[in-house]
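Novice: Read off the chains here:
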Amino acid sequence: MTALGGLRITTASIEREFTDGATAIVRGALAGGCNFFAGYPITPASPILMMMLRDLPARGGIGMQGEDEMASIGMCIGAAMSGARAMTATAGPGISLYSENIGLALIGEVPLVIVDVQRLGPSTGAATTTAQGDIQFVRWGTAGGFPIIALCPSTIAECYTLTMKAFDLAERFRCPVFLMADKELALTMRTVDPADYEDAVVRERPVIDPEDLDPPAEYRYEPPGEVVPMQLYGGKHPVRFTGSTHDQHAYITKQPEIVGPLNQHLISKIDDHLDEIALVDTDLEDGANTLLAGYGVTAGSVREAVAAARAEGTKVSSITIQSLWPIPERQIRDAASDVDRVVMAELNPGLYKRELERVLPDKEIVSIARTDGVLISPSQLLEVIE
Amino acid sequence: MSTPIELLPNPSLRTEADYPFCPGCGHGPVLDALNEALMKLQLAPQEVVIVSDIGCSGLSDQYFTTSAFHGLHGRSITYATGIKLMRPDLAVVVIMGDGGTGIGGAHMLSAARRNIGITVLVLNNFNFGMTGGQHSTTTPEGFLTPTTPSGNLEAPLDICATVGVNGAAYSYRGTSFDHDLADRIAEGVATEGFAMLDVWDLCTAYFVRNNQFGRRQIDATMEALGLESGVLYRSDKPEFAAAYRKLAGGQHEGLRVKRVKATAAVRLDKRMHFVVAGSAGGRVRSAARLVATAAMRAGWWSAQRDDYPITVKSGHSVSEVIISPGEIHYSGIERPNVLVVVSEDGYGKAGPYLASMTPDDTVFVVADLPRPDTAAEVITIDPNQSDVRIAKAARALAMVAKAVQTSGVVPFELFEESAGEGGFGEKNLELVAAGVGLPAG
Numbered sequence: 001m002t003a004l005g006g007l008r009i010t011t012a013s014i015e016r017e018f019t020d021g022a023t024a025i026v027r028g029a030l031a032g033g034c035n036f037f038a039g040y041p042i043t044p045a046s047p048i049l050m051m052m053l054r055d056l057p058a059r060g061g062i063g064m065q066g067e068d069e070m071a072s073i074g075m076c077i078g079a080a081m082s083g084a085r086a087m088t089a090t091a092g093p094g095i096s097l098y099s100e101n102i103g104l105a106l107i108g109e110v111p112l113v114i115v116d117v118q119r120l121g122p123s124t125g126a127a128t129t130t131a132q133g134d135i136q137f138v139r140w141g142t143a144g145g146f147p148i149i150a151l152c153p154s155t156i157a158e159c160y161t162l163t164m165k166a167f168d169l170a171e172r173f174r175c176p177v178f179l180m181a182d183k184e185l186a187l188t189m190r191t192v193d194p195a196d197y198e199d200a201v202v203r204e205r206p207v208i209d210p211e212d213l214d215p216p217a218e219y220r221y222e223p224p225g226e227v228v229p230m231q232l233y234g235g236k237h238p239v240r241f242t243g244s245t246h247d248q249h250a251y252i253t254k255q256p257e258i259v260g261p262l263n264q265h266l267i268s269k270i271d272d273h274l275d276e277i278a279l280v281d282t283d284l285e286d287g288a289n290t291l292l293a294g295y296g297v298t299a300g301s302v303r304e305a306v307a308a309a310r311a312e313g314t315k316v317s318s319i320t321i322q323s324l325w326p327i328p329e330r331q332i333r334d335a336a337s338d339v340d341r342v343v344m345a346e347l348n349p350g351l352y353k354r355e356l357e358r359v360l361p362d363k364e365i366v367s368i369a370r371t372d373g374v375l376i377s378p379s380q381l382l383e384v385i386e
Numbered sequence: 387m388s389t390p391i392e393l394l395p396n397p398s399l400r401t402e403a404d405y406p407f408c409p410g411c412g413h414g415p416v417l418d419a420l421n422e423a424l425m426k427l428q429l430a431p432q433e434v435v436i437v438s439d440i441g442c443s444g445l446s447d448q449y450f451t452t453s454a455f456h457g458l459h460g461r462s463i464t465y466a467t468g469i470k471l472m473r474p475d476l477a478v479v480v481i482m483g484d485g486g487t488g489i490g491g492a493h494m495l496s497a498a499r500r501n502i503g504i505t506v507l508v509l510n511n512f513n514f515g516m517t518g519g520q521h522s523t524t525t526p527e528g529f530l531t532p533t534t535p536s537g538n539l540e541a542p543l544d545i546c547a548t549v550g551v552n553g554a555a556y557s558y559r560g561t562s563f564d565h566d567l568a569d570r571i572a573e574g575v576a577t578e579g580f581a582m583l584d585v586w587d588l589c590t591a592y593f594v595r596n597n598q599f600g601r602r603q604i605d606a607t608m609e610a611l612g613l614e615s616g617v618l619y620r621s622d623k624p625e626f627a628a629a630y631r632k633l634a635g636g637q638h639e640g641l642r643v644k645r646v647k648a649t650a651a652v653r654l655d656k657r658m659h660f661v662v663a664g665s666a667g668g669r670v671r672s673a674a675r676l677v678a679t680a681a682m683r684a685g686w687w688s689a690q691r692d693d694y695p696i697t698v699k700s701g702h703s704v705s706e707v708i709i710s711p712g713e714i715h716y717s718g719i720e721r722p723n724v725l726v727v728v729s730e731d732g733y734g735k736a737g738p739y740l741a742s743m744t745p746d747d748t749v750f751v752v753a754d755l756p757r758p759d760t761a762a763e764v765i766t767i768d769p770n771q772s773d774v775r776i777a778k779a780a781r782a783l784a785m786v787a788k789a790v791q792t793s794g795v796v797p798f799e800l801f802e803e804s805a806g807e808g809g810f811g812e813k814n815l816e817l818v819a820a821g822v823g824l825p826a827g
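Line order of the protein sequences matches chains A and B.
Under the working numbering, the letters of the first sequence match residues 1 to 386, in that order.
Under the working numbering, the letters of the second sequence match residues 387 to 827, in that order.
Listed below are several chain A residues computed to face chain B (Cβ distance under 8 Å; list not exhaustive):
1) Ile14
2) Met51
3) Ile62
Only pairs whose alpha carbons sit at most 20 Å apart, straight line, appear in this in silico SDA-like list of lysine to any residue:
4) A:Lys236 to B:Pro474
5) B:Lys656 to A:Ser379
6) A:Lys315 to A:Asp283
7) B:Lys735 to A:Gly373
8) A:Lys254 to B:Ala403
9) A:Lys236 to B:Arg400
10) A:Lys236 to B:Ala430
11) B:Lys656 to A:Glu312
12) B:Lys699 to A:Thr43
13) B:Lys735 to A:Thr129
14) B:Lys647 to A:Glu15
15) B:Lys644 to A:Met50
16) B:Lys632 to A:Pro57
No lab work stands behind these hints: they were computed from the structure.
What you are looking at is a predicted structure, and each value in this text was computed from that prediction instead of being measured.
Positions of the beta carbon are idealized from the N, C-alpha and C atoms, including for glycine.
Start from the sequences, fold in the hints, and give me the full structure.
Specialist: Next up, the structure:
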């Protein structure tokens, strides 16, 4: 039995938190200026809904429980066009129901943060079991194939920082930004050092009246990729919005010479600014022949495996991918430049491995993939480090 | 539309463009009535947001100089709700067809129940006019459409009654031929709460052709269905956006953060795993939480991973607590150092843990369960041997207290400090004392 004896601390030198990722996401959203939230109850995302609905009204914001997922994201889109910084949170089954409205937010250039607390699928799957099976789903989950942004925190502190970052990127690029969490990260309580919560810079929202744009317009696609400030309902002049292919005044058209630049703009505004979005955390060691790669909850296993390997004198490098979409290709290539092998750890059938195979065609890609609801352990990773 | 132009107080909110609708379509006259209503209300274009659904009615917003939102099929009410919540000062008017009414039925119901201050204008022509004239939720029984070639078998939706009995502030049924339509639309828009106007009109492309349907048949159908026209429901329930703002401002403790100060500096050489396996509703998680926060009082790091089925107060509840001298990046447990089995539900989940444990580890098991087969040391605890009664839901805490005291996985004093905190502190400490006093064998 441990006796305290003379070990008492009289000055309270250490104060830490016992908290979870869902709480950190809520705090990050509030710090990021979120003033509108709508969601529908779903395990394991419900704690975010409950916390937002409790917290927002007292801060002058609005929190709604929609009648379903379509209503929840629909309210967010309407609110965003009326001045809100909006967020919603769900799990994979809810992303299915968001799908069509994600496309609407894309074409209408609506800033919106969508939290996906991933659980094991397909379908209802296992509601209280963690997984990372939605990472390709959010990328390709709406009609058209246009790019989206997806961030993926790997610690509770990162849940806070990257939620703020998601709000910033949503404003910067006027688009939906996904925050890819999972049940393990969102609901497992952990000790957190408050000093680890880093604030991300969240830019102010520039707003312009359509009449002040030269020439007056709601939208502009040229030069492609240049993002026009938001135009909100209730200003000096009417504002038009449409989810159909449209001209610069949001009138429906299918003329190729108008639709072409519109859609190219939606691609260019993301693809031409990859380095503004790319986020990775690398831990490289000279002489290492293996790069362990993880994201979200598997990045934690990677960190512990790296520490254990190095303690045994084995050289190993690692990368945590914090921006899953667009793929931080340059950063991944840089991290892998000196190794022959990359080990991708993920809780899905190997969904990011195929991206690495494309980005790193000359490297051996080893997939550590689990779909049984069990975490990938550091010892499982150590087995593949030579 | 017969209102003389000189009586109109405001400029038109129509653009100069002609409507794109088929000859004889009823949508144009209804939109003219909407324009007249907005003029009567002296609304400027930027004070109005027209939210259009999908289908022929979805083209409507483009013929107004107001703000506009053209979104997805059936979801127009949801966008309108978001707009109204943020900007209660704007007049938000949804224009949808009977198709959008059907696919968005849940939104219509919820908007009525909330009494959100938007106005919904249903251009109800009993079929899907843009996609081929298929039957909709308002197609009356017996009528012919390409998807009901032998006559419709489904009863038509009574839109006005549906929203009316569910809280709508205003509900009106009429036709595109009504001379007072503009006045009724103005009434709806001026209503603070949710206003529904179900306006029946003719789809000359399909429904008229397929059913020899016309103006007289609209009236006859309404009568045959036993449906009335006019303003059918009114309520003075408070409007939602205003009521929400009135209620807002209350402080609610929501965030799941427990701040823990280290009050002792105790050396810990390696990571320890403490697992409690019991039943949902048996306060397993809160008992495990005390171990985790006690570890933080020692200056250590902890993690608590809970596993439970989707049900709430039935089935298993297993909490895995990791105690570590440094930050925990991987929250999985392969082998518990201490396992506390509180109930049969927990026993059912303990198999893999028991199989992984070594003679260095300890299992505390409630006495009424069979002795587990494991390499670990097994200690049996009988909560019925207590001087004070330990309820089933309190067994987890009592047994965890005994396990902490016996195993020394965290300093017992710090565990007691954690247990004694908060509103349940006194009760918790009684249970801790009762647990520690239990005979163990």
